[in-house]
Amino acid sequence: MGGTLVGRESELEQVAGALVSARDGASRCLLVTGEAGIGKSRLLAEAVATLDDALVLTGHAVDMSTGKIPFGVVADTLRDLLRVAGSEVLLPNEREALAPLLPGAAPRQQVERVQLLSTFLDLLERLASTQVLVWVVEDLHWADSATRDLVSLAARTLPSGLLLVATVRTDDPERSTEAEAALTSYVAALARTPGCEVLPLSRLSPAAVQRQLRELLGSAPSADVAARVERLSDGIPFVVEELVAAAGRPELSTVSAVAAGRLGGLAPEARRLVEAAAVGDGHLRISLLEQVLDMTADELDAALAQALHAGILRTDHETDAVGFRHALLREATDRELGPGARRSWHRRWAEVLEDNPGVLARDPALLAIAEHWHHARDVRRALAATVAALPAAERVCLPDEEVALWTRVMRAFTQLDDAAEVAGMPLREAWGRGLLAVTLASRSQRRAFAAATPFERMTDAERAAAALLAEDEHAKGEANFLPNTAVVAADEAFADAPVDVVSVAVWAAVGSRSDDAAHGSELVARALAGARALGVRRAVFLCAAMGSYQAQITGDPAAGAALLRQVLGDYPDEAWRGVVGCIGNLVWCEAIMGRHVEAQAAAEDGFARLPRPHLSVEAWEHLTENAAFSWLLTGHWDRARQALEAGAPWWDDDVRSSSARLDVLDLVQRGSADVDRWRTRVTDPAPGGAPQALVRELLARAAVLEGDLPAMRSVLLPAWTDDHVLFNADQLVTTALVAARAEADAATSGVGDDVADAREHLSVIDEALARFPRYGPLGEVWPIDLEAQLDRFHGRDARSALRAALEGWERIGHVPDVAVTHLSLAEQEATHGDRTAAREHLTAGREIARRLEAVPLLARADRLAETYGLGSRERRTDQVLTEREVEVLRLVADGLTNGQIGTRLFMSPKTASVHVSHILAKLGAANRTEAATVARRQGLLAD
1 MGGTLVGRES ELEQVAGALV SARDGASRCL LVTGEAGIGK SRLLAEAVAT
51 LDDALVLTGH AVDMSTGKIP FGVVADTLRD LLRVAGSEVL LPNEREALAP
101 LLPGAAPRQQ VERVQLLSTF LDLLERLAST QVLVWVVEDL HWADSATRDL
151 VSLAARTLPS GLLLVATVRT DDPERSTEAE AALTSYVAAL ARTPGCEVLP
201 LSRLSPAAVQ RQLRELLGSA PSADVAARVE RLSDGIPFVV EELVAAAGRP
251 ELSTVSAVAA GRLGGLAPEA RRLVEAAAVG DGHLRISLLE QVLDMTADEL
301 DAALAQALHA GILRTDHETD AVGFRHALLR EATDRELGPG ARRSWHRRWA
351 EVLEDNPGVL ARDPALLAIA EHWHHARDVR RALAATVAAL PAAERVCLPD
401 EEVALWTRVM RAFTQLDDAA EVAGMPLREA WGRGLLAVTL ASRSQRRAFA
451 AATPFERMTD AERAAAALLA EDEHAKGEAN FLPNTAVVAA DEAFADAPVD
501 VVSVAVWAAV GSRSDDAAHG SELVARALAG ARALGVRRAV FLCAAMGSYQ
551 AQITGDPAAG AALLRQVLGD YPDEAWRGVV GCIGNLVWCE AIMGRHVEAQ
601 AAAEDGFARL PRPHLSVEAW EHLTENAAFS WLLTGHWDRA RQALEAGAPW
651 WDDDVRSSSA RLDVLDLVQR GSADVDRWRT RVTDPAPGGA PQALVRELLA
701 RAAVLEGDLP AMRSVLLPAW TDDHVLFNAD QLVTTALVAA RAEADAATSG
751 VGDDVADARE HLSVIDEALA RFPRYGPLGE VWPIDLEAQL DRFHGRDARS
801 ALRAALEGWE RIGHVPDVAV THLSLAEQEA THGDRTAARE HLTAGREIAR
851 RLEAVPLLAR ADRLAETYGL GSRERRTDQV LTEREVEVLR LVADGLTNGQ
901 IGTRLFMSPK TASVHVSHIL AKLGAANRTE AATVARRQGL LAD
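So that you can map any letter, position 596 of the sequence shown is 596 in the numbering used here, and since no number is skipped, the others follow by simple counting.
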């Protein structure tokens, strides 16, 4: 928009305020929203035009109709950085990692999408540490997934000195309902981020329209002209400008009409230029346009001059760039292109980009070429270009985006008789490589890939493989009890097959589902050896994942852990999704054996490989929930809560396994949790959400805390009687102990009035667990604990079994189980007359419960003390508390947290926590509130 910006004074002040905050050290994010033509870009141009103390970088997104190129905005931003600050601005490691996105650079090392994102964020952080950095993202609504991920993460996590400003169009009629909902949800989530503001631009008031008219005309218009423009423009600045340029023609009464009106008067060569620019938006370099149009320099200059004079294009000779003055003008041009002309321009752009390597960033260029040939409807050239772009897709695309390219490859094999020669690989190899990518993709993309695969051109053996590898969504273990026909057929068909990607995938799949554990292990080992021989990382980790699954599901998690450690040892520094997924599997295999030192060390290795875990949310969640399983069992509840709460805002929903683990933690520590949303998930698990076994345990724990044992039995009985209960044995062991302890507690306390139901439930549990495999050290302990609970329930002397269980729980580090067992021993010793031993166990159990801040355990300790008369919880403490402890106690009584106490008394929160634990122990108090009450009663808080 020409002339002075009018009617945006308050918005400019808001941008200026955000800049002040950035200068003062606070990161800020502004989302400038509004309809087309409202002046979003014009506002930002005005706001940053005079910034002398800031580094301003801009990246532009382009409309998907010209091909959505991953990392296009990032590549554009890097190009702007090199233009503004010179090539030396990048450190050597940054240049190496970002090579796929830099003009003329070829990556010399294997670079992953997450590494690119992380390096770019590190770069922004470094730049912002030396001066105020303003990152402008134009047209975020058209941005690729990488840009959206970056903007989201930058808004949430980057430190001081960054002002991130993005423009978002709110009225795109071409956007699908699904895309509109996704954008709305994305923007709403960003708007909720602390430090992020939405700056909506409304239409200009009549007075502002009059001011704009005066600026454009140089004088006040006649009343008639002013009224006409005001009415026709409806307050949209772009339309005001166009109406003035068109002398207020009444037929130009909409944004689309005024955009189309600019195009009508162009000469043929200028019109060709504008059409070519519309199709090539995103890589409009003057040097490339000259070749696309097949014009001489003089001819191009003349066409450019007319397009500039018509107000359609703008140029930046410093950057060799051409662009549309407004997106509406590009859209109008695109709408008027016929299908033949559009295909022709895509062909020219593809040819020119192929002939000019290095002008654009390498990976975006390869992907753009593939897109142009695809839209040119040249199947042969599109196939060759797509295959050439696949390594780039593996580096920078999301799995679904990469699989979409493999799907095109499959379709080409149905259309071309010589597809194998064009692709440089036979159908079998293309299908196999596509299958590796498909394992990481969404269900819809898996189905699209399968639908495009020309099975009619495959051999009988390959069709047998396809039947085995067909897309499915099974819960854990379910694939192992599907009809065995496909497994047997594929096994026989590939018994003597040569080593290739398809054979590797089949051997791994058959091995993981085979009824014969030994044969399954042999096939998985064969698959892994083949994958290594081929040098295909994805295949290696697919085999490791499936092999460890096969070992664990057939009762040998130790073998699964050994396999994973072997493979992970070959890739010590990598952190792509397959690697982190295998680390998560390793954590699980170790944890279900009770090898928690090893499990937690593996977890910390996984977290160390994810310096910015928000960029790998699915892998992060998988690792977090498996690590939390171990932390919960070993009493590392602070670590579990920190990790689970840190991740929760990033999960797609609140019915993930990590969500369930957090609710379990709330139940065992705080005694309550909101579990209503889980009730429907017992019979209807969320896709990718918490498994049924975990949901059942969660609801069972909640029912126990509410004293509703019939509800506990109702939710658990189907688990014990399920035909496939053994596939969930690793998850159901802890659930079984929860149930058995609850039944025994009720029986020994005399509160259960449904003895027959309880006896039947325990009988079913005992029968089911008798079939469970017993993994590692944990498998040595839980049967003893179960025996102790049965003894307690039936009124037998359970002390011997409980002592053995206590020794076992202490040996493997199950701190909460140690506390529970101490309290059960206190009950048993008191019942059998040894009050001294009962008090010792009560004290030990209560002390652990205090340290864990486990409200339910503390309540049970209180009930035991009262029931068996094991002494008052309150003790006189004259001369017992130190002066420092009295200081801490006063702040506890005032309701301060450990962190606040530490700040007030100049100590760490951990030291404050230790003082609080000592105070509770000395006062015999169950919690902080009771400690304050006891202290007041004994006069310990007097000044």
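Simulated from the structure, these hints should not be mistaken for lab results.
No experiment lies behind these values; they were computed from the predicted model shown.
One or more of the hints may lead you astray.
Said to hold, decoys possible - When the alpha-carbon atoms are kept at most 20 angstroms apart in a straight line, the in silico EDC-like pairs for lysine to aspartate or glutamate are as follows: (1) 922 with 853; (2) 922 with 862; (3) 922 with 847.
(request) Provide an ascending list of the numbers of those earlier hints which the structure does not satisfy. (result) Hint check: nothing fails, all pass.
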